[in-house]
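**Student:** Chain by chain, the residues:
Protein chains: 2
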Amino acid sequence: MTIRSFHPPQRTLMGPGPSDVYPRILEAMSRQTIGHLDPMFVAMMDEIKVMLRYAFQTQNALTMPVSAPGSAGMETAFVNLVEPGDKVVICQNGVFGGRMKENVERCGGVAVMVEDAWGAAVDPNKAEDALKANPDAKILAFVHAETSTGAQSDAKTLAEIARKYDCLTIADTVTSLGGTPLMVDDWGLDAVYSGTQKCLSCVPGLSPVTFSERALDTVKARKTKVQSWFMDLNLVLGYWAGGGKRAYHHTAPINALYGLHEALVILQEEGIENAWTRHRRNHEALRAGIEAMGLSFVVKAEDRLPQLNAISIPGGVDEAAVRTRLLNEYNLEIGAGLGAMAGKIWRIGLMGCASNQRNVLFCLGALDAVLSDMRAPITSGVAVGAAMAAYKS
Amino acid sequence: MTIRSFHPPQRTLMGPGPSDVYPRILEAMSRQTIGHLDPMFVAMMDEIKVMLRYAFQTQNALTMPVSAPGSAGMETAFVNLVEPGDKVVICQNGVFGGRMKENVERCGGVAVMVEDAWGAAVDPNKAEDALKANPDAKILAFVHAETSTGAQSDAKTLAEIARKYDCLTIADTVTSLGGTPLMVDDWGLDAVYSGTQKCLSCVPGLSPVTFSERALDTVKARKTKVQSWFMDLNLVLGYWAGGGKRAYHHTAPINALYGLHEALVILQEEGIENAWTRHRRNHEALRAGIEAMGLSFVVKAEDRLPQLNAISIPGGVDEAAVRTRLLNEYNLEIGAGLGAMAGKIWRIGLMGCASNQRNVLFCLGALDAVLSDMRAPITSGVAVGAAMAAYKS
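So the protein lines, in turn, are chains D and C. Okay, so the first sequence: first residue is 1 according to the numbering used here, each after it adds one. Okay, so the second sequence: first residue is 1 according to the numbering used here, each after it adds one.
One or more of the hints may lead you astray.
[As the list claims (entries may be wrong)] Away from chain C, derived, C-beta distances all over 12 Å, residues of chain D: (1) Arg31; (2) Gln32; (3) Val50; (4) Met113; (5) Leu216; (6) Asp232; (7) Glu273; (8) Glu284.
[Claimed, not checked] Straight line, CA to CA, 25 Å or less: simulated DSS-like cross-link-like pairs of lysine-lysine: (9) Lys87(D) - Lys225(C); (10) Lys245(D) - Lys344(C); (11) Lys132(D) - Lys101(D); (12) Lys220(C) - Lys101(D).
[To be verified] To give a feel for the contact side, a few chain C residues facing chain D, derived at Cβ under 8 Å: (13) Arg246; (14) Val265; (15) Ser312; (16) Ile313; (17) Ser393.
Since the hints were made in silico from the structure, they are not lab data. Source: prediction; values computed, not measured. C-beta: ideal position from N, C-alpha, C; glycine also.
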């Protein structure tokens, strides 16, 4: 057995996440590990909470990163809020709504599914009909930014409807946080989870979450224990809650938190509105190039996420071969379709620091060249020029 | 809001973990992030599995790191193996046996507790009596290396007893892996979980686990779904299982896995038996110094973990003040007592790369100086000399 140190290739990450990580964040990750109860570390945790509130646009006291990837953030929301027998209306328009259903059922809850087409936004009218028909529903759950399709839903309207029917909201913002407007307090969202490896440009492994007072009251008033010890907010709060002594719950992932801290410092330096504008602007340039090649988007323009571009595979093109060539010849990763979208779409991410002009032009140039070489039935060599024109407009 | 980049102080970590991290591991963590389905990354995952089998001394196919800290590794073992109504005999001799009870109950299982004194090893006879009295028990669970007390239990004998009564074993090896002999296959352990931040000298945030065929068969034969979606091995395996295509489950913590890979390369270079010897040797030197100061160990010599030294607080000493002075004046972290041991003991870790001569002498010198300065009723200035003599013997 002689396994050597691993040196990753220098990829450009333009898939559905992880996206390229800022060098400053990678450097922060390599700083010396200190204790998870060290006063200096506890002070850093407090700064993370302050900066996460800015990222989520909230004043929620309970705003912190869960010490595990986004899926654990999702599960944290469901296991804390759903008790056996609770009814949850779930709006599904992609893979992650289905995962919500799994979570509800594993908590002993009853999931009422409201289906929309994959690639479409959630229809608020259908959500309202479901709440009308299920007056005993406790929670309305939906995905703000569907990573599997690139569709954005109207979280503000969905939260208004939920409140009208006295329901809490659970919102998946894994792909929206830091990339597209997300106003937790203004919109009145109750339990919100995200990931670090998308528009925050940090490494994967942490899940920022925020819970309203209303949500926290619900957790505290539970009749049954939270089924997960690791994710039980009543316990986690003893470590993450502000002020006083921190109680040991689990050992925090110290260096990953250094990385998140740095990612949030960078977001604060840029300004979140500027980050949203940058994501929008690079999307417009990519869109110009994509359309100039004769390719089309899955999601209609007004529901499109600027940070996740789902492109329909043109007829006769071997989509996996294109991705493999981009990876092997250009060190460029773009995403495949997931679930029902497998084989039908590519997903081009422009997330966090990967949302920049260099990546847009590089990706268009590489995709154009590979498609031309494979004799795909499209106009070739025009994509980069179209994108450049969009930047100048 | 103007929060700046965080630069941690240069501590020496000699508490119960995290322990000092090898600089090579910190450097590996800062390498460029690549995709979690990238063929190069998948190849690295395979290497991690091979090297984890070496660390656990097992051939178990299902050997992998859970994407979250040790507590989630514990929960992964319990939620996958315990179904509602299942009876689990738990040997408790410290904090972590109590956490096992919480896990069993949250899975709807029945916990039968076998109590031993904190600081003592688990008594195999009492465990056998409990299995005799509970012929319907399905699992025997115990902590191999109690991080809260520094006591080591005889995992081999406990596993033999469990097999005799047709029970599976769940063993907590968070603090033993890489520091003290742990022979998963020879001893016949079934579900074993650990952490990265102890004797592997890696950063916290991952939990290596290994499951025997017998354990895996039990998971596959479940009548009910695993209550955690994130920890469901039936799903996780689709991503971590060898060969063929990897199915997306959650986004792996890429850079943390770079760190673990490097930690395991280092373990392989040193040789695991050499690592065990080194931990033993540095413990003996620390012991000589501790005893020369007139301090005493909580755990009797034959049950003592070399990597975690629980020292009784001498009468009249303000234990928190000592730790604070060590941290502030020497940048040295040692651990406080946990649970029933709070205020009664210090925990001095000699784990992973922190188990070295420099740390032993530094810690003894600093502790000796602080205690002398506080006029604690002990002989001062002799600790380092005693340790040096032990190294020379």
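**Student:** Each hint should be assessed against the structure and marked as holding or not.
**Tutor:** Hints versus structure:
With a minimum CB-CB distance of about 5 Å to chain C, Arg31(D) fails to clear the 12 Å threshold, and the non-interface call is violated. A cut-off of 12 Å between C-beta atoms contradicts the statement that Gln32(D) is not in contact with chain C; the least separation is 6 Å. Non-interface status of Val50(D) relative to chain C is broken: a Cβ of that chain comes within 12 Å, the nearest being about 7 Å off. For Met113(D), the condition that its CB be more than 12 Å from all CB atoms of chain C holds, with the nearest at approximately 16 Å.
Distance check for Leu216(D) against chain C: the nearest CB is about 20 Å away, which clears 12 Å, and the non-interface claim stands. The claim that Asp232(D) is not at the interface with chain C is violated, since a C-beta of that chain comes within 12 Å of its own (minimum 8 Å). Consistency note on Glu273(D): stated as away from chain C, and its beta-carbon is indeed over 12 Å from all of that chain's, at 14 Å minimum. Its beta-carbon lying about 25 Å from the closest one in chain C, Glu284(D) satisfies the requirement of being farther than 12 Å from that chain.
In summary, the hint linking Lys87(D) to Lys225(C) is supported, as the alpha carbons are separated by about 19 Å, within the 25 Å threshold. Taking the CA atoms of Lys245(D) and Lys344(C), the gap is near 18 Å; set against the 25 Å cutoff, the hint holds. About 20 Å separates the Cα atoms of Lys132(D) and Lys101(D), which keeps this hinted pair within 25 Å; it holds. Taken as a hint, the Lys220(C) and Lys101(D) pair is honoured in the structure, with Cα atoms around 22 Å apart against an allowance of 25 Å.
The criterion of a C-beta within 8 Å of any C-beta in chain D is not met by Arg246(C), whose closest approach is roughly 12 Å, and the hint is violated. With a least beta-carbon distance of about 6 Å to chain D, the hint placing Val265(C) at the interface is held under the 8 Å criterion. Here the hint on Ser312(C) is broken, as its CB sits about 21 Å from the closest CB of chain D, past 8 Å. The closest approach between the C-beta of Ile313(C) and any C-beta of chain D is roughly 18 Å, which is over the 8 Å cut-off, so the hint fails.
Violation of the interface hint for Ser393(C) is found here, the shortest Cβ-Cβ separation to chain D being roughly 32 Å, above the 8 Å cut-off.
The earlier numbered hints that this structure contradicts are 1, 2, 3, 6, 13, 15, 16, 17.
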